[in-house]
Each structure stands twice: as structure tokens, then as C-alpha cells.
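Those protein sequence lines, which keep their order, are chains Z and H. Numbering (the working numbering) for the first sequence: 1 to 205. Numbering (the working numbering) for the second sequence: 1001 to 1672.
No wet-lab data here; the hints were simulated from the structure. Please note that the accuracy of each hint is not assured.
[Stated by the list, open to error] Partner residues are not named here, just some residues of chain H that face chain Z (Cβ under 10 Å, in silico):
no., residue
1, Leu1028
2, Ala1033
3, Thr1037
4, Val1040
5, Thr1396
6, Val1398
What you are looking at is a predicted structure, and each value in this text was computed from that prediction instead of being measured. Beta carbons are placed, not taken as given, at the ideal position from N, Cα and C, and that holds for glycine.
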Amino acid sequence: MNVLTARAAGLIGCTRCGRVWPGEASHCGRCGAPLAPVTTISLQRVWAWWFAGLIAYVPANMLPMLRTATLGHEQANTILGGVIELVAHHNYGVAAIVFIASIMIPVAKFIAIGYLALIVAHEKFAGSHRHLHLYEVVEFIGRWSMIDVFVVAILSALVQLGFVASIHPGPAAASFALSVAFTMLSAQNFDPRLIWLPPLGTDKA
Amino acid sequence: MNDTPQPAELHTTPAPPPIWSRVSVIWLVPLIALAVTLGVAWKSYSDRGVLIEIDFADATGIRPGETALKFREVEIGTVEAVSFSPDLTSVRVGVRVDKTIAPFIDDEAKFWLVRPEVSAQGISRLDTVLSGTFIEGFWDAAPTEQTYQFTGLDRAPVSPDPTKGTWVELRAEDAGGLAEGAPVIFRGITVGRLQNLRLSPAGGVLVDAFIDAPHDKRLSSQTRFWDTSGFSVSLGAGGVSLDVRSLASLVQGGVEFETFSTGGSTVQNGRPFRLFASVEAARNSIFGNDLVDPVRFTLLFDDAIEGIARGTKVHFRGVEAGEVTDISVRMQADSVGNQFARQQVVIALAPARLGLDESTEAEVVTEFLSGEVENGLRARIAGIGLLGTTRIIDLTDVPDQPEARVNPDLEPFPSIPTAPPAANELAASAEDVFERVQALPIEELMASAIRAMDSISVVAEDEKTRAVPGELAGLLEELRTLVDGLNAEGAAQKTISALDRVTSAADSVLTEIEGLGEMLASTDQAAQTFAELPMGEIGEKIDGILGDLRSMLGSEDAERLPRALSDTLEESAALLAELRAGGAAEKLNGTLDATQDAARAVGDATERLPELSRKLETLVSRAEGLVAAYGDRSAFNNEILTTIRELRRATSSFGSLARMIERNPRAFILGR
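My request is simple: use the sequences and hints to build the entire structure.
Right under this line is the structure:
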């Protein structure tokens, strides 16, 4: 695909408002955002946040998410355990929501971000609209991963009936929130302009 | 060409920026995240407790990850896994125990499940209804070798801390009204609890009693325990008294103890005690705790074992040595295969009462009794007491028994051969005899006998009979007057006067010799007068007396004696006829034995007849004595003797009648 990129034309685009400026400009004259040239440095940040998110995701799944105490009977469930329990209680809808929001989406995000970060290094796939769509979807859907954390936060706040029933967030809640935040930052740090660039090395030569 | 050589074009490549400038500091974030995560993981790994495994029979209410292990009600661990032992006979519960407490869990640690319990004393551990079952553990503060494998108790121990009291084992024949958790009472104060109510493999019931410190000091080896379950109602001079120890003991029973005698030794944990059924039994038992660990034997009786019950005494050669603990029927098959029932009586013997050591093994006792049985020892039912109505089992030598031996392999206990009941039939069936005697017309019999005796008395006391000696005396008197008459006006005086006359005649001869011839004539006259004295009259008079006597003896009065006797006999016969007519015959005809018993009763009644005879004898002998005064062999005497002989015959026939009745009552009663 032969697309004229801003970089090829000696221009630089504002990542916030989209205005194109001459290559020397350091700040966007319209919105004041710093203009950064497209570099692979940003990819490092993507990877760094990506790994941090992945690391935080491990305890998020291994430790209990929610500690429910009902009439002195305390129960602690991990995310996956909760899903299995919901299925066992035939709450398939809720189970599907929790499963999609807490497991499928984060995992899909990891895969998607990792895939995008890897793919931009190869010319073969440069300039793909599909990649842009994927990136937009990842960006959009990332916040919904927080749905589980919200549920835990709201339940913990509302269900405090003392001995009868009380819900406390487990240690997984924090790490899951961190994991989601890290993956969001990772997605944020991905420069979509890289999608359109040929691999930087070949570009220079 | 002085060209200065141009320096070769310098090919430079800019030095690549140092690695640290090319690497974004953002990489610190995942590194920190990794470090924190690993740190947390390591901490939680290193902080996690020690895994111990406890085997339980079942895992009711145990849920992995939730069920807690508690020590003194403080949670110190959580069940991590529930699996099975390799042979699947028990549940292996893996418990993660807090690191700080784990070193104290040594091989003396005890674990049990705590569940809610509802008992008469209330509901306990209600909290576990909501919180769920948990595992309770107890161990002391002295850590020894640490163990990781335990076997859980089936139920909570009587007291978790064995140093805070003493537990003893109570053995009872049956549980009665006892229940788990029932109180142990000492003088009205609850000092302990019962627990682990269970069946004893040797028969009976076992229950652990835990007596809390410091009350356990009240225990001694002489202490006796008894069951205060339920309530007792007693009716006495003071009215009806209802005794209920406590509401709890009414519902779930209770055990009370008291030390009645001194001299006991201190009690160690687990010492067995006998649990008596009542305070009286506890107080009165001569065995005390001897029977706490009795040796049991089975007795198989062919005959009825009426009167034998639980608690019936067992005597060993006359000494009380045990009691009956169980009675049942055992079906057996003979050689042909016919089923027949034998009464199975289980007895408990105190080895000490057999002359053996108190703690003799059952096998040794069996061996000892085997020897005794070979020497003729048998078990039989015997009656003791005044009427033999109190039944006991007597282990004693019974002669002439077929050879038998102890069967040590009989289930459930070795058997001792038995003998038929002791042959004291009269005593044994005294009650029976009484009933039959009662059925006899004994009153009428007695009345008849009394009537007969009265008749004899009438004869004896009759004035005419009494007059016999009087008449005899009269006769004698007459004789005496006769002799006196003779003396007074008889020959002697006349002779004297004649002699006087002779003397005067002689005198006159002497004076008047000349009238000799006349004198001689006067002498002749005098002699003639003498000859004319009434000697024949005297003889006639004596004859007359004898005739009087004879007629007297021939009189009706004298004859009445034997007649009265024969009347008596007739009356007896009539009495017997009455017996025959009175339906007794039909009854007695049925069973010869019954008749014999009746006859015996009649015989008893006729025991009074000899007395009657004796009376007659006395009468006779008195008469004899009287007659003896009259000398030998006179006609008079003969008459008397005949009379006496008749009397004797009557007496002896009366006696033989009695004997006949005794000997052959059937003939007597049936008239054949």
C-alpha cells in the first residue's frame, strides 16, 4: 500500500486534536499539546505497561476477589471461582457478563495490544485499517474491564449488614484494578501513527 | 601534481545512544510490579502455616477453605483439603495451622468436630449452626516431637483438658435413662458429666464419667456409683414420697456417687466402676466394685427357670459369687435337626468370690471352673429361704450327673453344664401343697376328729365310768365291813366268849366237880354253836360281791366304752364317705400325686389320733393300776383284764386305721 504519511511529507500531526504542523513545531498551535515525533520509544512504554498489567493480572486471578460473610459463614471467591459458582447456580447471564468483563476482555486486550505492538515492526502489515479498528476497539473497551472492580466496590459499600451479610473486597480486587489500569495505560501509550509507518529501520535507509 | 592527498572521506556512523537512554524508564513499572507481586507471593508462602492431616470417620459439615480449626475457641487454622485415606475408610482433612501454634501440636493433640447439640441440659454450640461445623483441637503447652498425622476423635472428649479432673469408666447392665452429657452428682451438686455412652463388647453398657477437679478428690476405689435417672415413688409410713433429683436427671438421667466405706485408694484416670441401679443396690451390694469386671458364663437349662431374673444371686458352693445378668431363649437343634428351645441364663461371677485373684483373666477362671466341673460341679436352680421360694443359681457339686464339661467356645460366653433343680420338692412346691390342702375339707375332717375325741372324752369323763373305781372302792368297803362284821361279831369274840364260858365252866368244874357231866354237855353245846356260825353265809356274800362286779362289768356303762370307740370308727368312716361324696374323690382320682398329697394332709390330721390312743392308753393303764390292787388272776381281775384288752384292741384298731389311712389313702378314700 502506498500511502503518503505525514512523516513522509515532513509534517507532524497532533495526537490530541489531529492538526498537522510542520515537522519542526514542538507544540500544537491549536490545543497546546506537545508534538512528539513518531518514535519506537513509545512502543517500549507500551510493552512496559503491558508487562506490568500482565504481572498484576496473575494475583488478580489467584487471590480472592470478594469475601462474602453471610450469617457468620464466610466465603471467598476468585474471579474464575465466582464465575463457576454462578454457572452452578444457573445464573448464566451474570456468569457470562462477569466472565467476559473480567477474563475475556483483559485477556483479549493483552493479546490485542501485544499483537499491535509486535505488528508495527513489520512492513508487511503496515497501513492496515483493520489494525486501526482493533486499536480503537481496545481503547474503547478497556474501561469496561473495570466493571468487576466497580461491582466489588459498590457491593462492599452497600452490603454492610453486620452479622447478617457483609461483603469485603479481596486482595485480587486491587491487583485487578491495577492490571486494568496498566493495560489501559499500555493502550494509551500505543501510538496509532505507528500503524501507518513502515518499519522505522527500513524507512531510514 | 602536488596534490595533497585528500583525506579519505570519513565515514562515521553516529554512536548509538547509550542503552540506558534508549530504554525508557517506564520499564521500572513492570519491574516494580513484578517485585511487589513476587514479594507478596513469597511472603504469603512463607507465612502460610503448617499442614497437618487429621483423619475423621466422616467429614460432616467440613468445607475446604472455610471450616476452621480452633484452639480454645480461637481460630488457628483452616481446612485446606478434604480427601480420603488410602483405604477409603476415613476422611483425611488437611488443615493449615498457624505457624506460631503448630509446634505445640504434638502426638498428644486431640481433634474432634464441634457441631450443634440439643440435649436436656440445653442447646450447646448453637453458634455452629450458622458458622458451620469446626474442628476443635486440644494440646498442652509442652511441645514435643511434632507430628503431622492425627486421628480425630469420634466425639468431643469428656473434658478437653485431662488435667482438670478425673475420668472414670462406669459399667452398667443397661443404659436405663442415661444420656450423653447427663450430670454426675455428688450430694446434690453436679460435679461432672457423662459422655461416650456406648455398648461394651463384653455385654452391658459403658459410659465415661468425668469428674471435674477439685471434686475428683471425693473419689476412691471404694466409691460406688448409682443411677438416679428418672424419679422414684416410695410409699411408706410417712406417706407417698416422690424423689426427683433434678429436672435434667429426669430427662437425661444422671449418676450419683458416694463413698460408703473408707480405706479406698486414689483413683486413676480410666478406672472402671460398676454403676448400680439404685442407691439401695449400691449400698447393699456385697460385691462393691468386685463385679465391675465380671467373668461371664452361659447356663443352658432344659427346665423352666421360673423365679430367675436379672439380679438373681449366684452361689458358688454356698457363697454368693455373682448374679444373673441376662436371660434369653436359645434355639438349638438336636441330632435329627428338630429345633428346641433352651433357657439361656448369663451369669456374672466375681473372681474374688471364687477364691481367685480379683483381676483374674476370664480364661483362667474358665479353666478353674472346668476343673471344678470335672469334679462334679454343676449349675442348678435352687430355692432358699423359709419356703424355698427365693430362687438362686447354685454352683455346687451334684452327684450322679452324666459327664459334662465346660464349653469354652460357646457364644457369647463359655457354658457351665447344668443339673436339674434341687430335689426339695416339698419345699419347692409348698405353695402348691398349700393350695391343695386348702381345697381339702380339712375343717370337716378336723371337726370330725374333734367330735371323735369328744366322744371318747365323754366316755372317759362319764360319771358312770368314773364311778367304776368308786364302785370298786365301794365293793372293797363292803368287803371290809364284812370282815369288820366278822371281826366285830364273828367267831373270835364268840370263841373268846365261848372260851370264857369254857373257863367259867372249867371254873365251875373246878368249883363244882360234881356237875361234871352237865359241863361236858355244855361244852358240846358250845362247840355246836361254833359250828353253827354263818361261814357259808360269808362265802355266799363274797360270791354275791363277785356277781355284783360281774353284772357291773356286764352293764351298759362298761359296754359303752368299746361302743364309743366303734362309734368313733363309724364316724371316721362316715367322714371318709363324706370325703368321697364331697367331690374330692373325683378331683383326687385324676392324679395320684394329688391324692397322695391329700393323703399326707389327712395323715397329718390323723397325727392327732395317736394322741387319742395315748389318752386311751393312759386311761387303760390307770384302770390297770387300779385293778392291780386286786391281785392276780381272780375272776374279777380277769374280767377287768378282758375289758382292758378290748380297750387296747380298740385303741390299736384306731391306730391301724390311722396307719391304713396313711399307707393307702386311696383305698381309704375310695373305699377299696
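Quick one, is the H/Val1040 hint okay against chain Z at 10 Å, beta carbons? holds, 7 Å
Double-check H/Thr1037 for me: the hint is only fine if its C-beta lies closer than 10 Å to a C-beta in chain Z. holds, 5 Å
Closest C-beta approach of H/Leu1028 to chain Z relative to 10 Å, hint status: This hint holds: H/Leu1028 lies near chain Z, its Cβ roughly 8 Å from the closest one there, short of 10 Å.
Could you check if H/Thr1396 really has its C-beta closer than 10 Å to a C-beta on chain Z? violated, 69 Å
Does the nearest C-beta of chain Z fall within a distance shorter than 10 Å of the C-beta of H/Ala1033? holds, 4 Å
Interface restraint verdict for H/Val1398 against chain Z (beta-carbon cut-off 10 Å): violated, 72 Å
Going down the numbered hints, you'll see the structure goes against 5, 6, while the others check out.
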